[in-house]
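J.: Sequence:
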Amino acid sequence: MRKTIEQERAFYCLKCVERLRLAKNGKWFELKDFGNQYNLKSDNFNDFHKYRFYNGIKSDLFNDFVSWFMNEKNNNQLRSILQNLNQDENKAKKELSEFFYEGKDLNNQNVKNQISQIYSNFTFDFSKYDYTSDYSSHAKRLPQMIISNGLIPTLAFYKSKGKDRDQIYTDICEILEVTGFKPYLDWKNKNNKEGSLLLEFLLETDSQTLLLATIEVLAIANWLKRIVEAEIKED
Numbered sequence: 029m030r031k032t033i034e035q036e037r038a039f040y041c042l043k044c045v046e047r048l049r050l051a052k053n054g055k056w057f058e059l060k061d062f063g064n065q066y067n068l069k070s071d072n073f074n075d076f077h078k079y080r081f082y083n084g085i086k087s088d089l090f091n092d093f094v095s096w097f098m099n100e101k102n103n104n105q106l107r108s109i110l111q112n113l114n115q116d117e118n119k120a121k122k123e124l125s126e127f128f129y130e131g132k133d134l135n136n137q138n139v140k141n142q143i144s145q146i147y148s149n150f151t152f153d154f155s156k157y158d159y160t161s162d163y164s165s166h167a168k169r170l171p172q173m174i175i176s177n178g179l180i181p182t183l184a185f186y187k188s189k190g191k192d193r194d195q196i197y198t199d200i201c202e203i204l205e206v207t208g209f210k211p212y213l214d215w216k217n218k219n220n221k222e223g224s225l226l227l228e229f230l231l232e233t234d235s236q237t238l239l240l241a242t243i244e245v246l247a248i249a250n251w252l253k254r255i256v257e258a259e260i261k262e263d
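Count along the sequence shown from 1, then add 28; that gives the number in my numbering.
In short, the hints are calculated from the structure, not lab data. Small disclaimer: the values here were computed from a predicted structure and weren't measured.
Quick list of in silico lysine-lysine cross-link-like pairs, DSS-like style, CA-CA up to 27 Å:
no.: 1; residue 1: Lys191; residue 2: Lys261
no.: 2; residue 1: Lys156; residue 2: Lys78
no.: 3; residue 1: Lys253; residue 2: Lys168
no.: 4; residue 1: Lys216; residue 2: Lys78
no.: 5; residue 1: Lys55; residue 2: Lys43
no.: 6; residue 1: Lys221; residue 2: Lys69
no.: 7; residue 1: Lys101; residue 2: Lys156
no.: 8; residue 1: Lys218; residue 2: Lys78
no.: 9; residue 1: Lys78; residue 2: Lys221
no.: 10; residue 1: Lys189; residue 2: Lys78
no.: 11; residue 1: Lys156; residue 2: Lys168
no.: 12; residue 1: Lys78; residue 2: Lys140
no.: 13; residue 1: Lys31; residue 2: Lys253
no.: 14; residue 1: Lys52; residue 2: Lys261
no.: 15; residue 1: Lys189; residue 2: Lys261
no.: 16; residue 1: Lys132; residue 2: Lys101
no.: 17; residue 1: Lys43; residue 2: Lys191
no.: 18; residue 1: Lys55; residue 2: Lys189
no.: 19; residue 1: Lys60; residue 2: Lys216
Listed next, with one range per pair, are the computed distances between beta-carbon atoms:
no.: 20; residue 1: Gly208; residue 2: Ser108; range: 48 to 54 Å
no.: 21; residue 1: Lys210; residue 2: Ser108; range: 47 to 53 Å
no.: 22; residue 1: Gln145; residue 2: Glu257; range: 44 to 50 Å
no.: 23; residue 1: Glu257; residue 2: Gln65; range: 22 to 28 Å
no.: 24; residue 1: Gln65; residue 2: Ala258; range: 20 to 26 Å
no.: 25; residue 1: Asp234; residue 2: Gly208; range: 15 to 21 Å
no.: 26; residue 1: Lys210; residue 2: Gly54; range: 32 to 38 Å
no.: 27; residue 1: Gln115; residue 2: Ser148; range: 25 to 31 Å
no.: 28; residue 1: Gln65; residue 2: Lys121; range: 32 to 38 Å
no.: 29; residue 1: Phe57; residue 2: Ser95; range: 23 to 29 Å
no.: 30; residue 1: Lys221; residue 2: Gly54; range: 25 to 31 Å
no.: 31; residue 1: Ser70; residue 2: Gln105; range: 17 to 23 Å
Glycine included, each C-beta is placed from N, C-alpha and C at the ideal position.
My request is simple: use the sequences and hints to build the entire structure.
T.: What follows is the structure, encoded as structure tokens:
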């Protein structure tokens, strides 16, 4: 029997909390395929590179790896990689940054192979990605913030703060997709977009769609508040 929209909202909010607990062990799942757990450290760098499109834990993993990679004290291969890219070190660093964050081609297969190998050998400390307590605290505040400040300012604030609040933002984006919020899905499909892009969508949409989105996100936020109150005990 098909779930009601209220049941779906509650169900996926619960799944967000469940997978948040998995992160400290390096595991995750997508809401659209919640029965399929996978390793947060992707098997190959090409898949991991897509984390740049997302927010929350995926974004934090990606940024932490890139920060480590670009620090010569950590990465003893960095200097040779820069020299292989460009004799001008600043230009080489710019090329690497554009590759990591914008997906621009390096036009150097040897360097790409080195990056893949370094990534394969890299070890994440997943214990630092245990956001459950702070996630609960900020999820409880979300409904009132939307009512007081409006949807766009609230989402922009959560997205800008990173970590647990950024994860709440990306969870809202994903729940809208799996529960079938058509304006957002149509916009993503039309623009061939991947990732957590609700804020970008809202900044482009009309006032009527913004009102519909506000009603929908507020309903999700209310369920998320109830779920964390029931499921997460804060320190």
